[in-house]
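Number of protein chains: 2
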Amino acid sequence: MKSLKISEAVVKRLPIYLRFLNELSKKNVLTVSSQDLGQKLNLNPAQIRKDLAYFGEFGKKGIGYDVTYLIEKIRQILKLDRQIPVALVGSGNLGRALCNYNIYLRDQMKITAIFDSSPDKIGQVINNMSVLPMEHLADVIRDSSIRIGIITVPAPEAQNVANQFVKAGIEAILNFAPSILKVPEEIRVHHADFTAELQSLAYYLPE
Amino acid sequence: MKSLKISEAVVKRLPIYLRFLNELSKKNVLTVSSQDLGQKLNLNPAQIRKDLAYFGEFGKKGIGYDVTYLIEKIRQILKLDRQIPVALVGSGNLGRALCNYNIYLRDQMKITAIFDSSPDKIGQVINNMSVLPMEHLADVIRDSSIRIGIITVPAPEAQNVANQFVKAGIEAILNFAPSILKVPEEIRVHHADFTAELQSLAYYLPE
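Residue numbers (UniProt numbering), protein chains in the order written: chain A, 1 to 207; chain B, 1 to 207.
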């Protein structure tokens, strides 16, 4: 399935579909059309049909998509059908906020360990997790089979954290620090870039 | 220029280019090739050339792009050459963290007002700004010519905040709550979606 080379834009829309489908499922809605999806998500229905067609023919003409089946398929595609523990480094305001998002991550992917280098942060409890010292990072990542690392430290410290993640065997990084990371090619890095989001929004302001 | 209908993906890459170009400028680097840009930003040089070509012919064969000129052009395109005050509602951990990003927003676009509905948050000082009560939202937005609103409240409260933003004349919203907002068509909404970012990252994990 990976050999299809699905574009990043498509992969990033799948979790959006998934969230809305989960909401429909909770309301016992059985089928949904690409028109409905498009209207709710502010996306073009043709785009949605194209996105979902990458993964096989799920929709039925005149009926739409089977909600339960589509949820299952997207979860499989995104690998959310398996356990994916996540580690976070940087227990400042942003790190704390993200740990509180755990409740929205209904799937098996959750932040399971928090680290900080500051002695006065270590031992604090966030969302039932104790903040751990950086010295434990490698051991915890190995012992808990953690595959994804989140960086919420200030920009000048981000590369150092990335290096430690890579050394500890992390396979993917979500970086919130506004800095460009140098990591080996096989490590996937996504930037959750608040300033870029805000700046790109300005483009759409009326004159 | 807007009539060109530049894709959202391109608009979202421009701030990334801008940040790196600003770094180069600080180091007194005068020109940069699309190869260099691509390598540093993990992007395809051809893609970068295509992106920048939307806005006119800036690059010179064999020399590359003039850093200062490109910064100026991207700032113009993104409208970062004018004052864009931003308001934020929700002074929890995430709201606080975002206010601290003000230092990275070197341009004229900054968070200039913070609001919260909780009496024990009102009056607290974050980054030299007092948290204001929601009752002042409309007046402050009008008096300070605020054009963009950021939502960092819990998901069930997000729609209510969006409604108040719209009523107060906000033109664009950056929504951090994992919920789909209903707003008039002319209001641009971007979702800064942490859970979606994390879930899309899982797709790229090796089997």
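Simulated from the structure, these hints should not be mistaken for laboratory data. Wrong hints could be hidden among the right ones.
It does not matter which identical chain is used: a pair holds within one copy or between any two.
[What the hints assert, rightly or not] Here are the simulated lysine-lysine pairs, DSSO-like style, with alpha carbons at most 30 Å apart: (1) 12 with 73; (2) 121 with 40; (3) 5 with 26; (4) 79 with 121; (5) 60 with 182; (6) 50 with 12; (7) 167 with 182; (8) 121 with 12; (9) 50 with 182; (10) 5 with 50; (11) 61 with 121.
Remember, predicted model here, so these are calculated numbers, not experimental data.
So, going through the hints one by one against the coordinates:
1. 12 with 73: both (15 Å within a copy, 28 Å between copies)
2. 121 with 40: neither (41 Å within a copy, 33 Å between copies)
3. 5 with 26: The answer is neither: 32 Å in one copy and 37 Å across copies each exceed 30 Å.
4. 79 with 121: Neither, since 33 Å and 40 Å both go past 30 Å.
5. 60 with 182: between (45 Å within a copy, 28 Å between copies)
6. 50 with 12: both (14 Å within a copy, 22 Å between copies)
7. 167 with 182: Classified as within; 13 Å inside a copy, 44 Å across copies.
8. 121 with 12: neither (33 Å within a copy, 34 Å between copies)
9. 50 with 182: Close across copies (24 Å), not inside one copy (34 Å); limit 30 Å.
10. 5 with 50: For residue 5 and residue 50, the Cα distance is within 30 Å both inside one copy (14 Å) and across copies (20 Å).
11. 61 with 121: neither (56 Å within a copy, 52 Å between copies)
Checked against the numbered hints given earlier, the structure breaks hints 2, 3, 4, 8 and 11 and satisfies all the rest.
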